[in-house]
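Chains A and B supply the protein sequences, listed in that same order.
FYI, in the numbering used here the residues of the first sequence are 444 to 760.
FYI, in the numbering used here the residues of the second sequence are 444 to 760.
It cannot be assumed that every hint is accurate.
One copy or any two copies: either way a pair holds, since identical chains are not told apart in the list.
[As the list claims (entries may be wrong)] Derived DSS-like pairs: lysine-lysine, alpha-carbon spacing no greater than 30 angstroms straight-line:
(1) 595 / 577
(2) 603 / 473
(3) 653 / 577
(4) 603 / 577
(5) 595 / 676
Calculated from the structure, these hints are not laboratory results.
2 protein chains.
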Amino acid sequence: MSNQQTVAELGEFGLISAIQTRLANSNHQKVSVGIGDDSAVVSAAGSQVVACVDVLTQGVHFRLDWSSANDIGRKAAAANLADIFAMGATPTALLVGIAIPDVTPVSWVLELADGLAQEASRVDVQVVGGDVVKSESIAISVTALGELSGRKPILRSGAKAGDAIALAGKLGYSAAGYLMLSRGFRSPRVLVNAHRAPEPAYELAATALKATSMIDVSDGLLSDLSHLASASKVQFHIDSATLPIPEDLTAAASAFNGNALDWVLNGGEDHAFVATFSNPLEVPAGWTLIGSVTAGEPGVFVDNQLTRATGWDHFLK
Amino acid sequence: MSNQQTVAELGEFGLISAIQTRLANSNHQKVSVGIGDDSAVVSAAGSQVVACVDVLTQGVHFRLDWSSANDIGRKAAAANLADIFAMGATPTALLVGIAIPDVTPVSWVLELADGLAQEASRVDVQVVGGDVVKSESIAISVTALGELSGRKPILRSGAKAGDAIALAGKLGYSAAGYLMLSRGFRSPRVLVNAHRAPEPAYELAATALKATSMIDVSDGLLSDLSHLASASKVQFHIDSATLPIPEDLTAAASAFNGNALDWVLNGGEDHAFVATFSNPLEVPAGWTLIGSVTAGEPGVFVDNQLTRATGWDHFLK
C-alpha cells in the first residue's frame with residue numbers, strides 16, 4: 444500500500460470531502476441536514492430520539508490482517524443498529540467518528556465509509572455526519588439514532604415471571620470464526636465472515652414490538668441474559684435442547700476441538716436478539732422459544748443449573 | 444499513579460458501573476432512558492433531532508501532561524455542545540465513547556466523566572449513554588444531541604449579501620495558551636486554561652435565533668468563515684479594527700513574541716460563535732459586529748484583502 448495516497452497527503456478537509464462524495468446519496472426523507480454543517484438534523488417521529496454509541500478499536504474489535512476496511516465499517520454499523528432495534532425503535536441515521544494514524548491510506552478510509560453505508564442501507568438509513576481526526580491507533584466510533592413514532596421503548600427491565608424467552612438470529616458464529624482466524628485459517632467462510640462483519644436479524648427484531656424486554660447479544664448470550672435478569676429482577680431459565688446449534692458450528696467444533704454449545708452460550712459479537720414475551724403465542728414467526736422467566740433471585744439458569752457468564756469483558760484478563 | 448487501581452483490574456462492567464454511579468443524577472425531564480440500556484431515549488421536541496460527533500485524541504487534542512482528565516472531559520463536551528448551539532438548537536444530552544489503554548487508572552476515567560458532566564451541567568444536560576473499550580491510545584468520542592422545538596435549523600448556507608457579521612465569545616485564547624504550554628509555561632492561567640478547556644458563550648449563542656447562518660469557531664475564525672462563505676456562496680468582509688483583542692492577548696503576544704491578531708484570526712478551539720444577521724439591529728446584545736456580507740466569488744476578506752485561512756488541519760503538515 445506504500446504507493447497509495449495517505450490521509451496526511453490529502454489533508455483533513457480533502458478527506459472529509461472525499462468521504463462526503465462517497466456517502467452522497469439521493470435525498471433521504473429522514474434527513475433534513477446531512478454531512479457538511481455543524482450538526483445533522485434527522486427525523487425523530489414522536490418527539491423522542493433513541494441514541495447509542497459503540498467504539499471499535501484496532502487489535503480489540505478488529506485486526507487489519509483479518510478484516511478489510513469494508514468489514515470493519517459494516518461491523519461498526521451493525522453493532523449500533525442492533526442496539527437501536529433492541530429498544531423496539533427504528534433506526535434513522537448514523538454518525539461516525541474516525542480516529543486514524545496519518546499514514547493511513549485514503550482508500551482504506553473510503554472503504555470504511557463504504558462499509559458503513561452498505562450496512563446502513565440494509566435498514567434504509569444513511570451516514571449523516573461525523574468527525575475525522577488523527578490518532579496513534581485506529582478507533583471507529585459509531586453513533587446510531589432511531590425513532591419510536593410514539594411507541595414505548597422496549598427496556599431491559601420489562602421481563603416478568605411467566606414470560607417466554609425467545610431468540611432471533613445466529614449465535615456462536617463470530618466466536619467460531621474468531622477461533623478459525625486465530626489458528627491461521629480463512630475458512631469456513633460462513634464463520635470467518637460472521638466474525639469479520641455480523642449480520643444481525645434486523646427484520647426479525649422489528650417484529651418484536653410486543654416484547655416485554657429485549658437486548659442484542661453483543662457480549663454473549665449468558666452475559667446479556669444476565670443483564671436482562673438483573674434489570675428485570677427475575678430468573679431466566681434456558682433449555683439448552685432448544686438452542687439452535689447449526690451444522691456450521693458442530694462441524695467446526697469437531698474439526699477444531701471446540702465446543703459448539705459454549706460458542707452459542709458465551710460467544711459475543713453476533714448481535715442476535717433475545718426478548719421476552721408475556722405470552723408464547725406472541726412470539727413472532729422466525730423467533731425460537733428457548734426458555735421461560737420465573738420469579739426469584741436474579742440469575743440465568745441453563746437446564747436448571749445456575750450459570751456464570753464468561754462473555755467478553757474488555758479489560759479483565 | 445502506580446498504586447492506583449487500573450481499568451484492567453476493575454474490569455469493563457465494574458468501570459461502567461462506577462461511571463454510571465458518578466454520573467447518576469436526579470431524573471432529568473429530557474431523559475426517558477439513560478445509562479444502562481441498549482440505547483438512551485431523549486426528548487426531541489418538534490420531532491427532529493440535532494446530532495453531532497467530535498473525537499478528541501491523545502497527543503492531538505490534548506496532552507496528559509498539560510491537561511487533567513477533568514479538563515479533557517470539559518473540552519470534549521464543549522466542542523460538541525457548541526456544534527448544537529451553532530445550529531440554533533438546544534442541547535438535550537451527551538453520549539460518550541471512551542477508548543483507553545488497560546493501564547489507565549480508574550480515577551482518571553472517573554475524573555473524565557466528572558468533566559463531561561460538569562460542562563454538560565452548564566447547559567442543563569446529562570451524559571445518557573456511551574461505551575468504554577480498550578485501545579492502544581486514548582480517544583474520547585462525544586455525541587451531542589439537541590432539539591429544535593419546531594424551529595428551523597440555522598445552517599452554514601443561509602448568509603446573504605447585505606447581512607451583518609457578528610461574533611460572540613473569546614477568540615485566540617486557546618492558541619495563545621497552547622503557545623505558553625508548548626514553551627513550558629503554566630501561565631497566564633486565563634490563556635492556559637482556555638486551551639485546556641474552552642468556555643463557549645452558550646448563552647449568547649442561544650440568543651441568535653434570528654441569525655441567517657451560524658458556525659462555531661473550532662478551526663480558526665478565517666477557516667470557519669470560509670466554510671460559511673463557501674456554503675452560502677457569498678463574500679465575508681471583516682474589519683480587523685472591530686475584532687476584540689483583549690489585553691490578555693496583547694500582553695502575552697508582547698511577552699512571547701507572538702501575534703495577537705493572528706491568534707484571533709487563525710487560532711482554533713475557542714468555540715466562539717460567528718453568525719450573520721439580515722439586519723444589524725437584530726444582532727443580539729453581547730455580540731460584536733465585525734463585518735458584512737457581499738455578493739461575489741466566495742471568499743473571506745480582512746480589511747479588503749482576500750485571505751487564505753491557516754487554521755488547523757488534522758493531517759496536513
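Okay, the hints, checked on the actual structure:
1. 595 / 577: neither (40 angstroms within a copy, 33 angstroms between copies)
2. 603 / 473: Cα proximity of residue 603 and residue 473: across copies only (27 angstroms, versus 35 angstroms in one copy).
3. 653 / 577: Classified as neither; 44 angstroms inside a copy, 36 angstroms across copies.
4. 603 / 577: neither (47 angstroms within a copy, 35 angstroms between copies)
5. 595 / 676: within (20 angstroms within a copy, 44 angstroms between copies)
Violated hints, listed in ascending order, are 1, 3 and 4; each of the other numbered hints is respected by the structure.
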